[in-house]
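J.: One-letter residues, chain by chain:
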Amino acid sequence: MTATAKPYSKSAKTHDAHHEDEHDMKQYLMYDPKPRGEMNRMVMESMTTTSWKFWVVFAILGVLVATCFVYAWGYLIAEGLGVAGVNRPSYWGIFLVNTVFWIGISHAGTFISAILRVFKAEFRRPFTRAAELMTTFGLIQAGASIFMHLGRVWLSYWLLPIPNQRMLWPNFHSPLMWDLLAITTYILSSTIYLFMPLIPDLAMARDRSTGWRKTFFKILALGFRGTEGEWRHLTTAMNIFAFAIIPVMFSVHTIVSWDFAMAMRPGWSSSVFGPYFVLGALHSGMGAVAIVLFIMRLTMKHMDYFIRKEHFDALGKLMLIVTFAYTYFFFNDYILQWYGGDKWTDALLHWLEEGPMSWMFYQLILFNLVIPAFTLWNKKIRQTPWLLALIGFIINIGMYWERYLIVPVMLTINRAPFTWKLYQPNIEIFLTIGTFATFLFFYMLASRLIPLIPVWEVEEGQMTHSLRKVGKAELPTISEFE
Amino acid sequence: MKIDLNLVGAKGAIAEAAEGKWGMTIDQDVCTGCQACVAACAMENNLSFVGEEDAGYGRTQHWIRIERFWEGEYPEIKATPNQPMLCQQCGHAPCEPVCPVFATPHSDAEQLNLQVYNRCVGTRYCANNCPYQVRSFNWRDYHIDPFHANMVDGKLVFALHNQFNPDVTVRRRGVMEKCTFCIQRIHKAQDTAKAEGRDVFDGEFTTACAQACPADAITFGRVDHHESLVSQLSHHERGVKHLEELNTLPRVTYLKGA
Numbered sequence: 223m224t225a226t227a228k229p230y231s232k233s234a235k236t237h238d239a240h241h242e243d244e245h246d247m248k249q250y251l252m253y254d255p256k257p258r259g260e261m262n263r264m265v266m267e268s269m270t271t272t273s274w275k276f277w278v279v280f281a282i283l284g285v286l287v288a289t290c291f292v293y294a295w296g297y298l299i300a301e302g303l304g305v306a307g308v309n310r311p312s313y314w315g316i317f318l319v320n321t322v323f324w325i326g327i328s329h330a331g332t333f334i335s336a337i338l339r340v341f342k343a344e345f346r347r348p349f350t351r352a353a354e355l356m357t358t359f360g361l362i363q364a365g366a367s368i369f370m371h372l373g374r375v376w377l378s379y380w381l382l383p384i385p386n387q388r389m390l391w392p393n394f395h396s397p398l399m400w401d402l403l404a405i406t407t408y409i410l411s412s413t414i415y416l417f418m419p420l421i422p423d424l425a426m427a428r429d430r431s432t433g434w435r436k437t438f439f440k441i442l443a444l445g446f447r448g449t450e451g452e453w454r455h456l457t458t459a460m461n462i463f464a465f466a467i468i469p470v471m472f473s474v475h476t477i478v479s480w481d482f483a484m485a486m487r488p489g490w491s492s493s494v495f496g497p498y499f500v501l502g503a504l505h506s507g508m509g510a511v512a513i514v515l516f517i518m519r520l521t522m523k524h525m526d527y528f529i530r531k532e533h534f535d536a537l538g539k540l541m542l543i544v545t546f547a548y549t550y551f552f553f554n555d556y557i558l559q560w561y562g563g564d565k566w567t568d569a570l571l572h573w574l575e576e577g578p579m580s581w582m583f584y585q586l587i588l589f590n591l592v593i594p595a596f597t598l599w600n601k602k603i604r605q606t607p608w609l610l611a612l613i614g615f616i617i618n619i620g621m622y623w624e625r626y627l628i629v630p631v632m633l634t635i636n637r638a639p640f641t642w643k644l645y646q647p648n649i650e651i652f653l654t655i656g657t658f659a660t661f662l663f664f665y666m667l668a669s670r671l672i673p674l675i676p677v678w679e680v681e682e683g684q685m686t687h688s689l690r691k692v693g694k695a696e697l698p699t700i701s702e703f704e
Numbered sequence: 190m191k192i193d194l195n196l197v198g199a200k201g202a203i204a205e206a207a208e209g210k211w212g213m214t215i216d217q218d219v220c221t222g223c224q225a226c227v228a229a230c231a232m233e234n235n236l237s238f239v240g241e242e243d244a245g246y247g248r249t250q251h252w253i254r255i256e257r258f259w260e261g262e263y264p265e266i267k268a269t270p271n272q273p274m275l276c277q278q279c280g281h282a283p284c285e286p287v288c289p290v291f292a293t294p295h296s297d298a299e300q301l302n303l304q305v306y307n308r309c310v311g312t313r314y315c316a317n318n319c320p321y322q323v324r325s326f327n328w329r330d331y332h333i334d335p336f337h338a339n340m341v342d343g344k345l346v347f348a349l350h351n352q353f354n355p356d357v358t359v360r361r362r363g364v365m366e367k368c369t370f371c372i373q374r375i376h377k378a379q380d381t382a383k384a385e386g387r388d389v390f391d392g393e394f395t396t397a398c399a400q401a402c403p404a405d406a407i408t409f410g411r412v413d414h415h416e417s418l419v420s421q422l423s424h425h426e427r428g429v430k431h432l433e434e435l436n437t438l439p440r441v442t443y444l445k446g447a
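Chains A and B, in that order, are what the protein sequence lines are.
My numbering applies: residue 223 is where the first sequence begins, and numbers increase by one.
My numbering applies: residue 190 is where the second sequence begins, and numbers increase by one.
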């Protein structure tokens, strides 16, 4: 009796679910099209409608940039690194934490934009630009943090292989040299990759604006008119870049991890650091994208049309996958180091476990592994923007702690016990606030100057997606453009 | 055959022949921990006086330091011999390959780790990678810090500038530095010997720390000359090298356990 009843109830359930989906097809951006002119207008409005609250936040950030970034850095350069807390044995402090953190943030942009573009994931369409902007602005902060860290920053051009009379050449054995080359390549390629999909939107904005904005867009749009040939060249170039930037993205964070993994330090010389750092970067980057999308949707006009629950849901799933991958590498790193049984690594691990910074270690496990893994299962949570943003924020705190543990805290324990000393940040705190303020400042500025929604991509998506009536049911269809 | 230490792939090859040229032995059994070597080194090499605040924070600049350890809990402690720690002038130095600007090259002629102050941009990677933690960084411009000066007739007079050793560079802020085995003395002795048409003989000169040591715990000289005192001491059965398992090929031998 039960055996016969089961299939009946199952089919009834799927039928219900199907019915629900069918009913809610309009909740998906791709199946809820608007006329192109209307959508262009919405994007233009979201860019030009600025409330007084924006300017208040902008002014506060401006003050923070002026004091905590420009003035504090100038003071640091003028006085020397003595005003910072870095000291033997923690010769690298928060500056390098910030570098790794910002490069991590910058990863999500390329990941979302390039990988999802290559795999034709449709949910990426409305927020690729927001993620790519994070890449570029995050990398600027990462670069600035590296230069803050240098003892004689005014001589930093010596790191570049510039031919000179004295035949002095940089040392290509040094991981820092690889780092410099990788980050420079990444900044250049990610900026070009940000710019290329922006061209059609800039052209759209040029045609719909007046005054100084028109001049601004006119210069940036490079005379794009939207002819067949221009589109063909643009899409070809974007395709090449989308494929080419993926290995660059993976290599950058691997190389950043080699700064640590190549060194002869307990806790650092770990062969799993490359993928561990890449996954860590994606972990924090995805969280940051969730925060940015939440803020955009909350503050900018018309954004609730473009950024919907489905996008938070998809992002939440990605975050969940990355959480599991990160968890694997986290335990791989720590357990294998413990298993290695090196005397100094043992001392370090015990120190992490019960030393003064152990709270950070446990928070890292809680924030990065436990909270996302146990909350993101839930569809309700994934679809609630503020909750997803909160989880993203928690992940980012956890990831900051992770980098903090790896750089100054692991440096505390070395093979010379006489020198063991805990690191205390000093001016670094202000400079950290400064980099965050500068990032947000640039982002807010960009939100007024360029369309944050790649509107042509959304339009393209909506044209290829349609609902077709088959009998009484409306079924979603997708056609290929190329 | 002369082996270029900076060549990729030569690292394995130098391991056998890596006795080095200049070497040092430190007899921990006779070291009293008086810190005369620390003071002498500071005088000889124009080390900075970092002032009260930075010294309290642990930023004192010393190229040699006396490490004191003990065993056991407080009332029943057993002091272990004092351990003077200085740059080991590794033959296979971890600090060298990590510098992005070649500010820490290896000297082929003297078989020492050099530090080129003018080339250093202050990434501090070398100090991180040094397993002995003997590098010291110029966190500020200590030499021209007005707090260390007296105001005389409206002008700042730095009394300590009068005791500078003219043979040694004064380092500015943002630059890494470390023990050089008193390379200025090495060069001076070599120049004198060359002018007189002879070789430098053993014990003709020594480093500032060895010179100042009242217990004669430190011996310096050519480790590759088998008749020299330092060579014989470094092959003594009491001799140990620090962190030998890292294959850094240190040139300093510690004698202990008599």
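Because the hints were derived from the structure by calculation, they are not lab data.
Where is the CB? At the ideal position from N, CA and C, for every residue including glycine.
Be aware that one or more of the hints could be misleading.
In silico lysine-lysine, BS3-like type, Cα no more than 25 Å apart, as pairs [stated by the list, open to error]:
no.	chain 1	residue 1	chain 2	residue 2
1	A	K565	B	K430
2	B	K267	A	K643
3	A	K565	B	K267
Residues from chain A that keep clear of chain B, each with C-beta distances beyond 12 Å, as calculated [to be verified]:
no.	residue
4	Y253
5	E301
6	P311
7	S378
8	D401
9	D429
10	I441
11	F482
12	P488
13	D555
14	L558
15	Y561
16	I616
17	A638
18	W642
Sample of chain A residues lacking proximity to chain B, with all beta carbon distances greater than 10 Å (derived) [as the list claims (entries may be wrong)]:
no.	residue
19	R428
20	T449
21	H455
22	L456
23	P469
24	F472
25	L542
26	L571
J.: Could you run down the list of hints and mark each one as holding or not?
T.: Each hint, compared with the structure:
1. A:K565 / B:K430: holds, 18 Å
2. B:K267 / A:K643: holds, 23 Å
3. A:K565 / B:K267: holds, 22 Å
4. Y253: Given a closest Cβ separation of 53 Å, the condition holds.
5. E301: Non-interface label fails for A:E301: nearest chain B Cβ at 7 Å, not farther than 12 Å.
6. P311: violated, 6 Å
7. S378: Not fine: 6 Å to the nearest Cβ puts A:S378 too close to chain B.
8. D401: Since the minimum Cβ distance to chain B is about 8 Å, A:D401 lies within 12 Å and the statement is violated.
9. D429: The claim stands: A:D429 keeps its Cβ more than 12 Å from every Cβ of chain B (closest is about 48 Å).
10. I441: At about 37 Å from chain B, A:I441 clears the 12 Å cut-off, so the statement holds.
11. F482: With a cut-off of 12 Å, A:F482 comes too close to chain B, as the shortest Cβ separation is near 9 Å.
12. P488: About 10 Å separates A:P488 from the closest Cβ of chain B, which leaves it inside 12 Å; violated.
13. D555: About 19 Å separates A:D555 from the closest Cβ of chain B, which puts it past 12 Å; holds.
14. L558: Since the minimum Cβ distance to chain B is about 20 Å, A:L558 lies beyond 12 Å and the statement holds.
15. Y561: holds, 19 Å
16. I616: The claim stands: A:I616 keeps its Cβ more than 12 Å from every Cβ of chain B (closest is about 30 Å).
17. A638: violated, 4 Å
18. W642: Label violated. Min Cβ-Cβ 9 Å, cutoff 12 Å.
19. R428: holds, 43 Å
20. T449: It holds; A:T449 is separated from chain B by about 47 Å at its closest Cβ, greater than 10 Å.
21. H455: holds, 39 Å
22. L456: The claim holds: A:L456 sits with its nearest Cβ about 38 Å from chain B, beyond 10 Å.
23. P469: holds, 23 Å
24. F472: Since the minimum Cβ distance to chain B is about 22 Å, A:F472 lies beyond 10 Å and the statement holds.
25. L542: With a cut-off of 10 Å, A:L542 remains clear of chain B, as the shortest Cβ separation is near 36 Å.
26. L571: Correct as stated: the minimum Cβ-Cβ distance to chain B is 18 Å, above 10 Å.
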